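Engineer: Chain order of the listed sequences is V and G.
Offset between the first sequence (1-based) and this note's numbering: plus 756.
Offset between the second sequence (1-based) and this note's numbering: plus 29.
One or more of the hints may lead you astray.
Computed footprint of chain V on chain G; a stretch qualifies when at least three of its residues, placed anywhere within it, have a C-beta under 8 Å from a C-beta of chain V [to be verified]: (1) 233-247; (2) 252-262.
Far from chain V by the CB rule (all over 10 Å, computed), these chain G residues [as the list claims (entries may be wrong)]: (3) 62; (4) 199; (5) 348.
What the hints contain is simulated information worked out from the structure, not anything from laboratory work.
As the structure is a prediction and not an experimental result, all values here were calculated from the model.
Cβ atoms here follow ideal geometry from the backbone N, Cα and C, with glycine treated the same way.
Chain residues, written in single-letter form:
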Amino acid sequence: MVRFENVGLRYGTGPEVLKDLTFSIEPHSFQFLTGPSGAGKTSLLRLLFLSLRPTRGLITLFQHDATRLRRSEVAALRRRIGIVFQDFRLLDHLTTYENVALPLRVAGRDEASYRAEVVELLQWVGLGERLHALPPVLSGGEKQRAAIARALISRPELLLADEPTGNVDPALARRLLRLLAELKKSGTSVLIATHDVALMDQYDAPRLVLDEGRLYFGQ
Amino acid sequence: MNDPRPATEAKPAREYGEPMVAHVNPILPDDTVTGRSLLAVVAIMSFLAAATVGAVEIVHGAAGEWRTDVVREATIQVRPMPGRDLDADVRKATEIAKAAAGVADARAFSKEETERLLAPWLGTGADLGALPVPRLVQVKVAASAAPDFGPLRRALADSVPNATLDDHRGFASKLAAISDAVTLTGLAILALVLAATVLSVSFATRGAVAANRAVVEVLHFVGARDSFVARTFARHFLAIGLRGGLIGAAVAAAFFGFARLSANVLGSLPASGNAAFYLGHFALDARGFLWIALVAAAMALVTALSSRITVHRTLRAID
């Protein structure tokens with residue numbers, strides 16, 4: 757599904773923040789991406805999300821060479837990837853329902869065709885009662901779940917989550933993790949960036965460890 | 030058996046438990062501080078641009094009127110000469126003028142009219158017979174013909190040597206120079222105002238798009254095509270631009286409408302004298318109002334276009 761071969765990344769003329777990354781993300785997989793702050797987790801997620809281009813090496817994403825994509829192709833590939841941002845990036849003037857439905861709305865789908873789907877997903881993440889609430893009145897955990905729901909609504913083949921449990925209490929963190937782990941069964945590959953060791957210990961999954969720009973594999 | 034349910038319950042509006050949901054908000058926030066400021070900027074600049082366009086149109090029209098009114102008239106002066114019959118010469122000059130090509134009418138001022146013309150200088154009751162006072166023939170050029178006084182001047186020189194034709198050319202050329210200068214000045218001011226309008230509207234739009242950068246980014250990250258994002262913004266800002274442009278143009282149009290009305294009212298007052306004669310008709314015609322509408326439409330287009338350009342620039346900056 758995703759293959760990195762000797763990928764390196766530097767910002768401008770600065771030092772390489774990612775060095776010789778070689779790994780792959782297989783279908784139906786669930787793995788953690790971890791490492792100390794500033795190790796390059798977010799940069800790696802941005803590479804996976806086509807928001808950055810590598811300065812060297814080869815990235816193959818859904819059988820496409822990521823370094824040679826046209827802008828129009830990037831949008832189409834991005835619809836196959838769901839992303840949960842660390843800061844949620846919900847739009848404050850849209851209701852929870854509208855925020856979650858946004859990926860389908862921009863894909864040009866008719867609202868009647870996805871209304872039930874969106875409501876069902878929101879109920880699944882426990883926001884069935886908060887459909888009409890605007891993000892500023894949602895709690896941190898509710899925002900987190902809305903952001904996850906938005907990433908999942910278009911049934912992505914790959915889900916990337918940047919510290920998805922960073923703003924919630926341990927009980928909710930466990931629930932969210934279970935929720936994300938369940939996605940594996942439906943065919944979505946999941947990569948969760950986190951530095952919460954206690955959280956990773958609860959779930960037996962491969963770990964990609966980034967340290968000073970280099971990647972190590974752990975369990 | 031009849032259905033026991035009352036008719037009003039035959040078709041429930043929704044199943045029990047099905048939440049009432051729908052998109053109620055547009056993708057771009059409707060009422061924001063930057064949106065309102067942009068609306069104000071577009072409205073004010075549209076008003077200024079429309080007012081300038083209207084003023085230039087009026088001045089240009091008035092300048093044209095002065096020129097044509099002066100050029101459409103000429104005067105033949107017949108001087109008394111020893112040994113010649115002045116009345117016969119005046120009659121002859123009038124006939125020649127009437128017969129000339131392109132002349133609509135020629136009329137000699139009678140002795141009494143001449144006395145009346147000179148009354149402010151000589152007083153009433155002066156005996157003009159004792160003075161060598163020249164007589165005048167007023168020549169009106171047909172509206173359709175281009176005034177060409179050459180043949181008339183030659184015919185007069187042949188038959189009435191003591192007659193001279195004044196076609197007001199010197200006065201007309203001075204007026205032409207003045208009206209050209211006024212129109213050119215107006216156009217220069219208009220160019221400056223339009224440039225300032227386009228610049229300020231496009232900068233205000235850029236600011237408003239920048240305030241919505243979060244929306245651009247989120248749309249981009251959830252897989253919206255650039256064209257979708259640009260279209261969404263262009264449509265939103267076209268609406269703001271149209272509203273602002275219409276407000277500005279409507280105020281300008283109302284201003285000129287009021288000016289026209291008050292000019293009509295003032296013109297009907299006896300004290301107004303010959304203001305309309307000297308100044309022309311200081312009112313905006315249908316063409317002027319059309320220009321104002323065009324200004325409003327142009328403002329809306331500028332707003333939409335600069336939002337589009339800014340959005341594309343923002344999108345390129347994100348990745």
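Engineer: All hints are to be evaluated individually against the structure, with a verdict given for each.
Structural biologist: Evaluation of the provided hints:
1. 233-247: Satisfied; 4 residues make the cut.
2. 252-262: Our answer is that it holds, as 5 residues pass the Cβ test (under 8 Å) against chain V, meeting three.
3. 62: holds, 13 Å
4. 199: At roughly 68 Å from the nearest Cβ of chain V, residue 199/G sits farther out than 10 Å, so the non-interface label holds.
5. 348: violated, 6 Å
Checked against the numbered hints given earlier, the structure breaks only hint 5 and satisfies all the rest.
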